[in-house]
Amino acid sequence: MGTDFVVLSLVPLAIGILVCVSCALLGNFLVLRRQSLIGDAVSHVVLPGIVGAFIVTGTVAAGAMLLGAGIAAVLAVLLIEIVRRVGRVEPGAAMGVVFTTFFAAGVLLLEQSDTSSVHLDVEHALYGNLESLIWLAGSAGWAALLDPAALAALPPQLPRLALVTFAVVLFLLVFWKELVIGTFDATFAESVGARPGPVSFALIVMVAVAAVAAFDAVGSIIVIAMFICPPASARLMTDRLVPQLAWSVVFAVVSAIAGYVLAGYGPLWLGAAYSVSAAGMIATVAGLILALACLAGPRRFGTRTAARRRRPPPRRASHHQSSISNSLQV
Amino acid sequence: MMAFLTALALGAGYNTALVTIGAAILGGSAGAIGTFVLLRKRSLVSDAVSHGTLPGLALAFILMALLTGDGRNIVALMVGAAFSAALGLFCVEWITRRTRLTEDAAIGAVLSVFFGFGIVLLTVIQSLQTGGQAGIAGYLLGSTAGMLRSEAETIAVAALATGAAIFVLRRPFTLVCFDEGYAATRGIDVRLTDLAMMGVLLAVTVIGLKVAGLVLIVALTIIPPVTARFWTDRPERMVLIAAAFGAAAGYVGAAISASDRGLPTGAVIVLTAAAFFAVSLVLSPVRGLMSGLATRLRFQRRVHERQGLLALARGEAIYDPLTIKVLRRAGHIRADGVATLEGRAAAAAAVREEALWGLYRRLHPDEAGALDHQGLAPIATALPPDVVADLAARLEPADTGVR
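Protein sequence lines, in the order shown, are assigned to chains P and F.
Quick note: the first sequence uses the numbering used here, first residue 1, plus one each step.
Quick note: the second sequence uses the numbering used here, first residue 331, plus one each step.
Derived from the structure by calculation, the hints contain no laboratory data.
Ideal Cβ positions, reconstructed from N, Cα and C, are used throughout, including at glycine.
Which bits of chain P does chain F cover? Going by a derived footprint, with three or more residues having C-beta under 8 Å, they are:
hint, stretch
1, 26-36
2, 90-96
3, 101-108
4, 221-227
5, 277-284
6, 292-301
Given only the sequences and the hints, what does the whole structure look like? Please build it.
Structure representation (structure tokens):
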């Protein structure tokens, strides 16, 4: 168990947890700002950037891919803004126009270029291959964690994602005040000089960074799920922001571990001799947690019922008002 | 190129012709229903619907594979897809209505979770020892290559049926989009109409899966309506224009895709629609970038002309190069900056206009604020004659005096 676990499962699990936590942390602000679908859009638009970087450089080197994806993401954000302003359509539709076009361009580029020699296809982009990120040098078991040579052979995705998670935490700590004010009251933020515009653009850039880094390891579907499901579940648990962030991290970690274990061992327990997609299973578990939170989360009704309880029944209030206005007319 | 023209003229075989026509009908239906969904501000609901089809597709495939040995029965797959998409739609509605979460969070949660679960089921299918697995992969990104004749016919007929449904329901759809309250007083059940709208959207999505793929079908319900928005402000016309753009994108896209290998149908159709959108964005006479630029330049010139004329009337020197250019071109000044006879007359008229507008703004500030021009239009064309006469009578003769 020990050695097998270190070789086969330790790295995918760690990567899964890092991806889930970094996405969930940023997702809290997206959900509160009603921009949940930014994550969805970003994870679609990076495809042409990644394929384009491959066509230009001819390799699947991480740096070029990340750069290409980043350029595509920023370009898409600008285009969405243009479509929204010029076309005067709702933001959702503007987003829909841009991200589907980008994704279609990515698919076409992918089919037109010869990527058969490298591991780059649409299925991979959609649901990744978490299970393949094994650590062969970890065959010494847990002791390998202390062996520099073995550590150097870790899949490069792990340190990259650790760095991204660190950057996300740092971003939240540094811009905490601006993010919070901008999220809850953009007008007030403007008036006290908290610059909500640049800060929300920075948030979207961070979302793109997290999505792109995760994309390579686990595919886009898990990224979208993690931007939304854990924060949404956490929102149904508490009214306060810091506890909400904590809940979302807990939900993200639970989804990652339970999803990975269920994908790897669940079918075995049911008597089948195969495993299923870990990325898909992690998203499924996150969805189940959200379903539970919707059914039983202590704050699932939010402040709506609280307000309804406090306010007097509306009919009596309006009757009272109309009698006053009647008497005034007389 | 030749192959494309042949396909465009429906000469590339019966199946290809049928697929091309089917894609056109599908694009038309998607554009029409997408317009109503856009006007209802719920465009991205179709994203949740399309991703929500995957678990149903996979389950139907597994079920058919276990029962008959081949999972590629298009009717069974469509029914399965419709069921799980309806479940997804219900989840979005339920989460939005019963919890504090907003619709965008509900859409994102449903689409990612349903899609994730669908991926899990796809890996189950891969491990099943059954034929026709390539058939299910075609639904992710859409593939019309090697489509069976019966499949193409099913798609064409079903797309035609949804088009007919949209035609029948166009009045209540329009009314609900613009004024829910008024629709309710006219005896239209708003909830039922919304349900019908989502039902048609779901049907179009499910039918389009095989052609455009479930990741990209959403584009067919969003891009043509947004494109149509650039060409008209009237809902009936917008529906027709969106349907036309959608049909053209489906037709041309399917023909391009059929002309060569490595041109996935869904992606090509979406990019064709996006090309129509880009052209509209730049060239639309009402709200396009070009017309916006032209309007801006025209406005700038009029401001400079008015300010220049006022300066002439006051006998002030003009230094701004654009103002000088505008006045020169209109024949108000000579090359040395001295006003011509026409220029003096125009300057006097401008002073009078300015005085009348100023008086109007002082007397009726609310009405003046509601007018959407900045006093540059001739007052006689902007306001009723009696109001202008009243203003002129109130104006002291001293204000209109020409120097």
